[in-house]
Amino acid sequence: MPERKSINDFAVKWGKKFRDEEINYIELVDHYFADECDELGFVMDSGEAFSQQYGSASYDSRELKKVINGISDIELLGSAIYSRWRYFNHWAYDGEEILEDCNRAWFILALDRLALLSEENTLRFVGKPQSIRIISNNISYGPYPDFTDEVEQHLEINDEGQVSLKAFDFGDGSKDFTKGRSIEFNIEKQISQKILNLVGAYFSQEYTEIFATDIGYWNLEIINTDGEVYFFSGSLCADLEIDGVNLSNLIRSEINIENLYLFDNNYNTDKVNKIFIDYHRVTKIRPQESIGEKEYVTWDYSEQLVIDRKTESIEHIQNIGSGCIISRKLKVQGGVEALLDDLDAESLFENIEGNPPNVIENLNETRKYKIIIDFEKKEQKTITGTYDKKGLPNDWADFAEYVLEFILFYGLGEILDPSTYNKTRRCEGEYIYLSVAFEDSYKTYFYITDDDSIEAGDFVLVPAGKDNHQAIVKVISVEYFSEEDAPLSPSKTKKIIRKSTEEDFK
Amino acid sequence: MDFNAFSKELNNIILETSTTLGKPINGSSLEIIDRGKPHKPEPLPAGKMGVYLFLYDDVFLKIGKAGPKSNARFYSQHYNPKSARSTLAASILSDKSNIAGTITESNIGDWIKENCHRIDILLDADVGIFALELIEAALHYKYEPIYEGFVTQR
Chain A
17 MPERKSINDF AVKWGKKFRD EEINYIELVD HYFADECDEL GFVMDSGEAF
67 SQQYGSASYD SRELKKVING ISDIELLGSA IYSRWRYFNH WAYDGEEILE
117 DCNRAWFILA LDRLALLSEE NTLRFVGKPQ SIRIISNNIS YGPYPDFTDE
167 VEQHLEINDE GQVSLKAFDF GDGSKDFTKG RSIEFNIEKQ ISQKILNLVG
217 AYFSQEYTEI FATDIGYWNL EIINTDGEVY FFSGSLCADL EIDGVNLSNL
267 IRSEINIENL YLFDNNYNTD KVNKIFIDYH RVTKIRPQES IGEKEYVTWD
317 YSEQLVIDRK TESIEHIQNI GSGCIISRKL KVQGGVEALL DDLDAESLFE
367 NIEGNPPNVI ENLNETRKYK IIIDFEKKEQ KTITGTYDKK GLPNDWADFA
417 EYVLEFILFY GLGEILDPST YNKTRRCEGE YIYLSVAFED SYKTYFYITD
467 DDSIEAGDFV LVPAGKDNHQ AIVKVISVEY FSEEDAPLSP SKTKKIIRKS
517 TEEDFK
Chain B
-10 MDFNAFSKEL NNIILETSTT LGKPINGSSL EIIDRGKPHK PEPLPAGKMG
40 VYLFLYDDVF LKIGKAGPKS NARFYSQHYN PKSARSTLAA SILSDKSNIA
90 GTITESNIGD WIKENCHRID ILLDADVGIF ALELIEAALH YKYEPIYEGF
140 VTQR
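Chains as they are written, first to last, in this note's numbering: chain A, 17 to 522; chain B, -10 to 143.
Some hints here could point you the wrong way.
If you only want the chain B side, here are some residues facing chain A, beta carbon under 7 angstroms, derived [said to hold, decoys possible]:
#1 Ser18
#2 His28
#3 Ala55
#4 Gly56
#5 Ser65
#6 Lys102
#7 Asn104
#8 Glu137
DMTMM-like mimics (lysine to aspartate or glutamate), calculated; alpha carbons at most 25 angstroms apart, straight line [as the list claims (entries may be wrong)]:
#9 A:Lys406 / A:Glu392
#10 B:Lys85 / A:Asp188
#11 B:Lys102 / A:Asp357
#12 B:Lys37 / A:Asp188
#13 B:Lys37 / A:Glu225
#14 A:Lys406 / B:Glu(-2)
#15 B:Lys102 / A:Glu369
#16 B:Lys29 / A:Asp165
#17 A:Lys326 / A:Glu362
#18 A:Lys384 / A:Glu421
#19 B:Lys102 / A:Asp286
#20 B:Lys(-3) / A:Asp46
#21 B:Lys37 / A:Glu112
#22 B:Lys26 / A:Glu421
#23 A:Lys81 / A:Glu112
#24 B:Lys29 / A:Asp414
#25 A:Lys386 / A:Glu369
#26 B:Lys71 / A:Asp89
#27 A:Lys386 / B:Asp115
#28 A:Lys393 / A:Asp358
#29 B:Lys37 / A:Asp358
#30 B:Lys85 / A:Glu19
#31 A:Lys195 / A:Glu369
FYI, nobody ran anything at the bench for these hints, they're computed from the structure. For glycine and all other residues, C-beta sits at the position ideal for the given N, C-alpha and C.
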């Protein structure tokens, strides 16, 4: 289908012409109208498709007025307009009949509706949804589609429980797809309203368009009970979720058609919900002094790491020995979820190279692991092995580095941090002295500042050298001195320019 | 290929093209990251969108874009032939020229990481989709990646 804007331009332009009381009928029935309809892909079918759905509204303006707000199919309406025009261009006794009030009214109604349907609407959805229409097209450049591959689906659901699915096959790859399966049926009103309400609720929030290359697209049209139409679009990789409900999955399961492309091309990615890692090291230690009959003592050390979407937490437990258990729990709302989202559920820990058969076993020490992964869709997966490079999954190092970075970001807190408990509070009349180090130098220099937000570890911009060129330096410590206690007289100490920004580093 | 020079070339293409159109893309909102070969894919940082480039032996395999809410497309899908209808992994596996030798669905992801050079162009999301589309289109035009577009369209 051509861009909405082209259709909108067409509808607005011809709507004005049909409203023009002074217009010569020749201008309306001349071939230009047909040329534009052809270009927009509208089909001249003598109004057959339209009249099948809307009866005499295909030519009677009073009937059209009754149904116009329920019409949402741009192509169907465009083709109806083309076909109606063709009547006056070709079949009418006198083409001038097109100027009669009832005929003008028909075109104005139809063209105004076409303009409304094709209008770009970036607003959030407002109101109570009456119907939705989802067009999903999954043509992409990977495998070239076969003649019979279903490449486009049009799904409509309304609040009366009516469901319509029209599908199109790729055909010979020419402009038009071939008609594929067509299904119409009813579901319980309650179910259709649940679907509509959730779709409406999702798009009543701010919608950031989801786009990516070579993955297909979807267009969604939601009509509310006031007949207002809202349009949204995106690439066919959108996992749209509201209140924990995935919209594509909901629609598939509620209308009981599995192979629907909807918003995600039925490829909605699985998620990792929980990872449990158990690490176990057993070390035999030969004591320096004999302990009875035993030749060895055994140190049984274990660790567990649990990353859990539900509790939004990461828990790390070290069982160091009898009576010595260290545990640390991070509860990071949104953060743990994002960490798990960044893991690829399809391939996580999928491949393990394995140790060769001739690997030398250390009889005094074993290191083993067990990993249990809970997915959103797939069954739980358990893997076990020896805790070494070839015994662990190939992507273990990436995973471990990622989780470690996440945990270290939050540090060990401030209670035991010397930079916190050693910090003295500034008194009136005291100067803020920064001890700073230049890059590649261990020597430190004093600068003063008025900015009391600067902390050790920050970078600041300072004048340096005799020419006072600007340099970025690292703050090693922050101290307060009265004039008499200052390591350098405030009047002889250079002042920093300001705290560094990201721009300074660029 | 000299990838330092190549990164500069990418930067020039983006800045010159956008400047010619009268809307220069601000250098501070743009970051070109050479992930190298072998490479380790990184997720899209929050508030960023990106264009990715995959090369094998100086041949551009795939250049595509992903919006700020399409991290899976940017980060992982191209390494797994079953993760979407069209992926770099699926394209390589179905390529009759057999560029990757004896590879299978289970190791194609690792093969791509080991043998393909990846470059990511990150752009602040608030710069907007049109800027990202411009960059992608300019790079498609310039480098003609072999797995974008149907053969008959090239």
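Hints violated by the structure (numbers, ascending): Going through the list in order, the structure violates hints 1, 2, 6, 7, 9, 12, 14, 16, 20, 21, 26, 27, 30 and 31 and respects the others.
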